[in-house]
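So the protein lines, in turn, are chains R and B.
Take my numbering: the last position of the first sequence gets the number 108, and nothing is skipped along the way.
Take my numbering: the last position of the second sequence gets the number 774, and nothing is skipped along the way.
Be aware that a few hints might be false.
Said to hold, decoys possible - Derived SDA-like pairs: lysine to any residue, alpha-carbon spacing no greater than 25 Å straight-line:
1) R:K43 - R:G19
2) B:K706 - R:H1
3) R:K43 - B:A759
4) R:K89 - B:G758
5) B:K706 - R:S(-2)
6) B:K706 - R:G31
7) B:K666 - R:R54
8) B:K666 - R:L73
9) R:K89 - B:K720
10) R:K89 - R:S64
11) R:K89 - B:E709
12) R:K89 - B:D730
13) B:K706 - R:V10
14) B:K706 - B:Y696
15) B:K706 - R:V29
16) B:K666 - R:V29
17) R:K89 - B:E667
18) R:K89 - B:S692
19) R:K89 - B:L710
20) R:K21 - B:F694
21) R:K89 - B:A693
22) B:K706 - R:Y95
23) B:K706 - R:P101
24) R:K89 - B:K731
25) R:K89 - B:K734
Simulated from the structure, these hints should not be mistaken for lab results.
Note that this is a predicted model, so its numbers are computed, not measured.
Take a look at the letters that make up each chain.
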Amino acid sequence: DAGVTQSPTHLIKTRGQQVTLRCSPISGHKSVSWYQQVLGQGPQFIFQYYEKEERGRGNFPDRFSARQFPNYSSELNVNALLLGDSALYLCASSPRMKIAGGLYEQYFGPGTRLTVT
Amino acid sequence: QKEVEQDPGPLSVPEGAIVSLNCTYSNSAFQYFMWYRQYSRKGPELLMYTYSSGNKEDGRFTAQVDKSSKYISLFIRDSQPSDSATYLCAMIQGAQKLVFGQGTRLTINP
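For reference, chain R alone in the conformation it holds in the complex (with noise of 0.2 Å):
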C-alpha cells in the first residue's frame, strides 16, 4: 500500500512569492493534518482537515490556509512568503479524526523542503 505522499519534494521561493504544497493521504484515510518543521526543531501542527472541513488550526498566521478535496488529498498555501517559512513541510493521515496511536495512527509523508530566499 502506497504510504503518504507530497509534492513536490523540494521548492525554492522568492520572498513575497506564494507556495503550494500537495498531500495524498493513504487510501481510506480521511483526515489531514499539515505541520512546519524548522531545521532543528519539532514538527509545528498548522492544520487538521477531516470529511474537507477545518477541523482544528495551529498559531499560525491567515497567510497559511489549506483546503481539503471530496477524494481526502489536500492543498497548503501560503501567500506572501517570508525567510522564516523556510522549512520542511509534513503532511499526516490518520483513518479517523482523533488521533492517538494503534487504529488512530497519525502516518506522515516525507515532506516538502520549501527553501525561502
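Assemble the complex: chain R is given as a structure, and chain B must be docked to it using the hints.
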C-alpha cells in the same frame, strides 16, 4: 516556556549501549504520549505510544511515563547503528493535535 521540553543533544554512544532519551512537559491536559523516530530527509514514524503512567516495552524499546512528574522517557537497549536518527517525543492535545519536543539527534557508533 515551551509546552514540551526535550534536550536536542546531539547524543553519541557506542554500539550496544543503553540509550536514555527524555522529555518534560507542562500541560496536565496531555493524554497520549508518543515517541517518533525521524531519519534524515524523512517524515517521523511512530515508535511507541502510551496512555497511562508506567512502562511499556516493545522489543529493544521501553517507554516510560511519570504523569506526577510530567516526565517521559524512551530507553533503547542493545543500540544499533541503524538506530541513529532524531527521536521526537510528542503528546496529544485535544485528540487532534500533536505537540512535539525539539527532538534529540542520536548517533550510534559501530
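So, going through the hints one by one against the coordinates:
1. R:K43 - R:G19: Roughly 14 Å separates the two Cα atoms, so the pair holds.
2. B:K706 - R:H1: holds, 13 Å
3. R:K43 - B:A759: holds, 18 Å
4. R:K89 - B:G758: holds, 8 Å
5. B:K706 - R:S(-2): holds, 14 Å
6. B:K706 - R:G31: holds, 14 Å
7. B:K666 - R:R54: holds, 24 Å
8. B:K666 - R:L73: holds, 23 Å
9. R:K89 - B:K720: holds, 22 Å
10. R:K89 - R:S64: holds, 18 Å
11. R:K89 - B:E709: holds, 18 Å
12. R:K89 - B:D730: holds, 24 Å
13. B:K706 - R:V10: Holds, at about 21 Å.
14. B:K706 - B:Y696: holds, 23 Å
15. B:K706 - R:V29: At roughly 14 Å apart (the allowed maximum being 25 Å), R:V29 and B:K706 satisfy the hint.
16. B:K666 - R:V29: holds, 15 Å
17. R:K89 - B:E667: holds, 21 Å
18. R:K89 - B:S692: OK: R:K89 and B:S692 at ~19 Å, within 25 Å.
19. R:K89 - B:L710: The hint holds at about 16 Å.
20. R:K21 - B:F694: Given pair R:K21, B:F694 holds - Cα atoms ~24 Å apart, limit 25 Å.
21. R:K89 - B:A693: Measuring from Cα to Cα gives roughly 15 Å; hence the hint holds.
22. B:K706 - R:Y95: Distance ~21 Å between B:K706 and R:Y95 Cα, so the pair holds.
23. B:K706 - R:P101: The hint holds at about 5 Å.
24. R:K89 - B:K731: holds, 22 Å
25. R:K89 - B:K734: holds, 23 Å
This entry satisfies every hint, going by the numbered hints stated previously.
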